[in-house]
Amino acid sequence: MANIFRRMTPLLAFSCFCLLVGDMLFGFDTGSFGGILANPGFVSQFGDKSAKGVYSISSLNTSLLSSLAFVGKFLGCVVAGPLIERLGHRACFLLLSVVSFIGVIIEMTSAGTGAGSGRLAQFIVGRIVVYASVGLVEVAITTYQSEIVPAPLRGLVVLSLQLFLTAGNLFATGVNRAFSTYTTSVGWRVVTGIQFLFPTLILLFLPFIPHSPRWLLSKDREEDALSSLKRLRTPEEVAQGCCEEELAAIHVALHSDVHKASWVKVFTGNNLPRTMIVVVAYTFQQLTGQVFISTYQTTFYKSNGYAAEAFTYPVINGSLGMLAVIPGMFLVDSLGRRLLFMISCGLQALWMFLLAGVGSKQTKTKTDDNAVVAFFMLFSVSYNLGCAATPYLLAAEVPNNSVREKTAALGAGVNVVWAFVTNFVLPYMLTAITFKVGYVFGGISVAAVLWTFFFLPETKAVVYQIYPRSFGDDNGDGIGDFKGVTARAQYLKALGIDAVWFSPFYPSASLKVDVDDVANYRDVDPRIGTLEDFDDMASALRTLDIKVIIDIVPNHSSNDHDWFQAALRARPGSGERGRYIFRDGLGPNKDQPPTDWQCFFGGSAWSLSGQDDGQWYFHMFCPAQPDFNWDNEEVKEDFIKTLRFWGDRGVNVFRLDVAHNLTKDMTEPLIDSEEATRITKLKLENGNGAVPHPFFDRDETHEIFKTWRRVMNEYDRPLIAVAECWVATDRKHLATLTPRNIEIALSNPQGQLQLHLGLLQSRSAQVIRHATRLGLPKVPPPVGNYEFLEANNLYLLNEGRDPAIDVESSLMRARAATAMVLGLPGSTYLYQDWEPEYVDIPSQDRQDPTFIRTKGKEVGRDGCRIPIPWVASAKNFGFGQGEKAHLPQPEWFADYAVDIQEADFGSALNIYREALRKRREFQGPETLEWVESEKGMLHFKRPGGWEVIMNTTKESIALPAGIIMFKSTQFKEDGWLPQETTVWTRNT
1 MANIFRRMTP
11 LLAFSCFCLL
21 VGDMLFGFDT
31 GSFGGILANP
41 GFVSQFGDKS
51 AKGVYSISSL
61 NTSLLSSLAF
71 VGKFLGCVVA
81 GPLIERLGHR
91 ACFLLLSVVS
101 FIGVIIEMTS
111 AGTGAGSGRL
121 AQFIVGRIVV
131 YASVGLVEVA
141 ITTYQSEIVP
151 APLRGLVVLS
161 LQLFLTAGNL
171 FATGVNRAFS
181 TYTTSVGWRV
191 VTGIQFLFPT
201 LILLFLPFIP
211 HSPRWLLSKD
221 REEDALSSLK
231 RLRTPEEVAQ
241 GCCEEELAAI
251 HVALHSDVHK
261 ASWVKVFTGN
271 NLPRTMIVVV
281 AYTFQQLTGQ
291 VFISTYQTTF
301 YKSNGYAAEA
311 FTYPVINGSL
321 GMLAVIPGMF
331 LVDSLGRRLL
341 FMISCGLQAL
351 WMFLLAGVGS
361 KQTKTKTDDN
371 AVVAFFMLFS
381 VSYNLGCAAT
391 PYLLAAEVPN
401 NSVREKTAAL
411 GAGVNVVWAF
421 VTNFVLPYML
431 TAITFKVGYV
441 FGGISVAAVL
451 WTFFFLPETK
461 AVVYQIYPRS
471 FGDDNGDGIG
481 DFKGVTARAQ
491 YLKALGIDAV
501 WFSPFYPSAS
511 LKVDVDDVAN
521 YRDVDPRIGT
531 LEDFDDMASA
541 LRTLDIKVII
551 DIVPNHSSND
561 HDWFQAALRA
571 RPGSGERGRY
581 IFRDGLGPNK
591 DQPPTDWQCF
601 FGGSAWSLSG
611 QDDGQWYFHM
621 FCPAQPDFNW
631 DNEEVKEDFI
641 KTLRFWGDRG
651 VNVFRLDVAH
661 NLTKDMTEPL
671 IDSEEATRIT
681 KLKLENGNGA
691 VPHPFFDRDE
701 THEIFKTWRR
711 VMNEYDRPLI
721 AVAECWVATD
731 RKHLATLTPR
741 NIEIALSNPQ
751 GQLQLHLGLL
761 QSRSAQVIRH
771 ATRLGLPKVP
781 PPVGNYEFLE
791 ANNLYLLNEG
801 RDPAIDVESS
811 LMRARAATAM
821 VLGLPGSTYL
831 YQDWEPEYVD
841 IPSQDRQDPT
851 FIRTKGKEVG
861 RDGCRIPIPW
871 VASAKNFGFG
881 QGEKAHLPQP
891 EWFADYAVDI
901 QEADFGSALN
911 IYREALRKRR
921 EFQGPETLEW
931 VESEKGMLHF
941 KRPGGWEVIM
951 NTTKESIALP
961 AGIIMFKSTQ
971 FKEDGWLPQE
981 TTVWTRNT
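With the first letter of the sequence shown counted as 1, position 305 gets the number 305 in the numbering used here; the numbers rise by one all the way through.
One or more of the hints may lead you astray.
Stated by the list, open to error - Once the Cα atoms are required to be at most 30 Å apart in a straight line, the calculated DSS-like pairs of lysine-lysine come out as:
| hint | residue 1 | residue 2 |
| --- | --- | --- |
| 1 | K547 | K706 |
| 2 | K483 | K547 |
| 3 | K941 | K230 |
| 4 | K884 | K493 |
| 5 | K436 | K361 |
| 6 | K483 | K493 |
| 7 | K641 | K706 |
| 8 | K547 | K436 |
| 9 | K493 | K875 |
| 10 | K941 | K954 |
| 11 | K918 | K941 |
| 12 | K230 | K681 |
| 13 | K230 | K219 |
| 14 | K483 | K875 |
| 15 | K483 | K641 |
FYI, nobody ran anything at the bench for these hints, they're computed from the structure.
Start from the sequences, fold in the hints, and give me the full structure.
What follows is the structure, given as structure tokens:
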């Protein structure tokens with residue numbers, strides 16, 4: 001918690017809390033009006049005189065006074081969203097202050113000169129105007145706070161509005177009590193006039209409040225947004241480049257044009273269920289009984305035998321309610337929004353049922369009377385603990401950013417409608433059934449608990465990567481296909497994943513060599529299936545609520561792509577060759593490559609055109625994969641066509657292969673290989689983003705992604721992209737920094753994860769894949785990406801013999817690392833369950849172009865592409881019943897077949913299933929807090945009392961207190977954590 005509060009800078013605290021005086025306005029008005037309704041001076045001025053000469057306000061007028069104000073609040077809520085979209089939050093703060101001034105003036109001038117002389121209609125108009133400012137407050141302040149505070153502080157800060165609201169309410173009840181005996185208009189006018197204080201304070205604070213960085217980004221003011229964010233963050237965060245990373249996080253949620261979507265979008269596609277969550281939460285906020293307690297408690301006390309303390313009890317009630325807000329501010333992040341809302345509504349139901357039961361007794365004892373008062377107060381405590389403020393937080397967090405303000409405004413508007421209804425109806429209900437209204441509100445509270453349990457969703461996801469050729473072979477040709485995936489869809493559902501990511505499956509003449517050389521981006525390789533097979537598979541997965549992710553390879557095509565074949569036939573300088581990167585060779589005969597660059601799969605990065613024209617084409621990976629020229633407009637337009645093609649077929653996410661290498665600068669003179677390698681290594685280190693490189697991590701790439709983002713915005717469902725980015729940590733934000741760009745930066749830092757705690761505890765937002773690789777032999781320090789790749793390549797080259805692998809220890813390390821990764825916030829990517837690595841594949845059976853191009857100096861990826869063993873005793877281990885699998889399956893795979901694994905409680909498969917099932921129990925926001933711990937232990941806390949503890953040493957270490965909810969290895973629970981084991985614990 002201390003680490004979280006260190007992120008609260010003076011300006012951030014000022015910006016958040018000074019505006020909360022607006023919530024005090026609402027709280028003060030609510031609390032003061034409840035007392036004003038019972039104030040003798042107000043009743044005599046606006047009430048009707050009975051035959052006995054006693055003034056009272058009729059049920060109808062009470063209903064009108066209480067309910068019509070919410071018409072103004074509704075208007076304020078509706079206006080707030082568009083106003084913020086157009087002019088920003090600060091303009092909204094200015095407007096609400098002016099409106100509040102006007103409303104209070106109208107209220108105060110409605111007083112007459114004596115009994116029965118008050119102008120009731122004018123006072124109601126004044127309340128409507130004041131509540132219009134309250135509507136502006138509810139939308140503007142909550143969205144502003146949620147947009148300027150770091151995620152770990154968001155729940156605390158946004159829920160602080162309830163603290164200020166109850167503080168205003170408590171202030172009002174105290175003032176009401178002080179003027180409760182005044183029989184002239186002085187009493188209620190003083191109480192009303194105090195409301196001038198709150199808008200005055202807002203106007204004084206306003207010049208010092210910065211604009212929301214999110215709003216600035218929506219206006220394409222990126223430099224201003226970064227500057228604003230740096231003012232709100234600590235010097236340490238600014239120095240470490242965290243502001244750039246946070247702007248990246250802001251763009252993670254930008255599924256459509258920020259603040260610019262129409263109202264229709266609020267009710268369509270994926271926005272609809274999000275909208276309903278906000279609407280229902282606001283509905284329950286009003287219908288569970290808070291109006292009964294906040295507005296009518298004073299008059300209820302006076303009319304039901306508690307007149308002597310009718311103004312005192314609300315003061316006590318307000319004090320307790322305010323105190324209850326404080327633990328709620330902390331519990332919302334520790335327990336999570338969902339659990340806290342359920343607890344709050346459940347307790348409300350309990351107190352309402354008890355209030356109705358005890359209060360409805362024909363004859364009540366003194367103890368019963370005291371219990372009734374206690375139930376009022378306990379309800380207030382329970383309401384303020386969670387139900388009061390959680391809807392504001394949901395409205396700020398749940399909607400997509402394109403409709404955030406509109407959804408919040410709609411939710412607040414619905415809240416106002418229900419407030420109007422309850423305020424209008426409640427006086428009649430109290431007259432008719434008195435205490436039995438508790439049964440009504442208690443029943444609604446129970447409904448709120450049930451709705452929360454069944455319909456308030458989690459926000460984390462697990463993505464499962466499938467290499468189609470190796471998952472399941474339906475037609476028996478030895479190569480996996482889409483029908484093989486469809487037949488095993490229930491297996492995927494049982495695993496507990498949320499989305500499937502398919503490695504490339506496009507037509508390619510060289511399918512046996514690699515899957516990334518694409519001949520047609522809008523078709524399926526016939527050996528994997530047909531477009532109809534893809535549609536059937538995607539439909540089967542959607543039925544099981546599993547999203548579909550496909551791999552797009554925009555850097556290069558196959559050399560048998562129609563475009564490349566046309567380029568080879570065309571003359572130098574032609575439009576056909578302009579789609580790729582062709583250059584004249586060096587030397588008098590142009591028979592030397594333009595540079596000495598080496599491609600990733602070995603050999604020269606340039607190959608002759610074969611047309612005896614002295615030209616060479618560039619291929620970053622291998623000759624079968626010529627790189628596109630992304631300066632060419634035809635290339636850009638064709639990929640837009642590809643995105644729409646798959647988007648129309650129901651794809652949810654695009655994974656962008658080697659997105660960091662998309663654009664190139666081939667301006668001569670070109671640097672040599674040694675210099676290119678030096679710059680590449682340099683750019684992989686933080687602080688070197690501005691260093692120019694001819695083909696690595698260039699900013700022009702993001703202009704292309706902006707265009708793609710606009711295309712994806714055309715779809716109502718969330719259509720996003722995941723970019724593979726092998727770049728420095730401080731450059732990850734460029735995948736998301738510019739408006740309407742790519743959402744997630746996916747990288748493969750498994751080399752740097754060598755149980756290296758310092759790096760694991762860094763601020764990197766990288767998505768971690770292949771945690772099981774940590775089961776390979778450890779790499780001596782210093783551990784970097786190059787060191788890892790070199791050490792493990794040497795290990796694989798000697799077929800796992802040197803160093804000799806400790807199978808038991810390696811399996812424990814792999815499971816511990818996987819459990820640690822699954823405990824992290826955010827989405828997790830898994831590769832075909834547990835990725836059994838076959839390290840000693842015979843050379844003649846290897847297919848990866850890396851092995852072939854380097855003449856065996858690098859083994860490539862064949863070892864993790866061995867077809868999955870499904871049934872130990874079946875042909876090809878159940879992968880397919882026809883020809884042998886395209887890569888050899890070793891005999892020891894039988895021990896790891898799915899049917900064997902399913903029967904073993906402690907198997908890798910069942911460990912995964914249990915971990916994914918338990919992972920869904922993690923409640924609350926996607927945040928974590930690192931815990932200082934002894935050497936060799938990695939320890940972090942998650943919301944809801946969850947903790948993840950990993951022992952990376954060879955010795956047992958003392959286990960912190962907590963109930964063990966999951967463990968990567970079975971062991972006797974005796975207070976010690978065994979070697980190379982991870983546990984998830986929970987403190988209740």
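Do the hints match the structure? See the list:
no.	hint	verdict
1	K547 with K706	holds (23 Å)
2	K483 with K547	holds (17 Å)
3	K941 with K230	holds (27 Å)
4	K884 with K493	holds (28 Å)
5	K436 with K361	holds (10 Å)
6	K483 with K493	holds (16 Å)
7	K641 with K706	holds (15 Å)
8	K547 with K436	violated (48 Å)
9	K493 with K875	holds (25 Å)
10	K941 with K954	holds (23 Å)
11	K918 with K941	holds (15 Å)
12	K230 with K681	holds (29 Å)
13	K230 with K219	holds (18 Å)
14	K483 with K875	holds (18 Å)
15	K483 with K641	holds (26 Å)
This entry does not satisfy hint 8, going by the numbered hints stated previously; all others are met.
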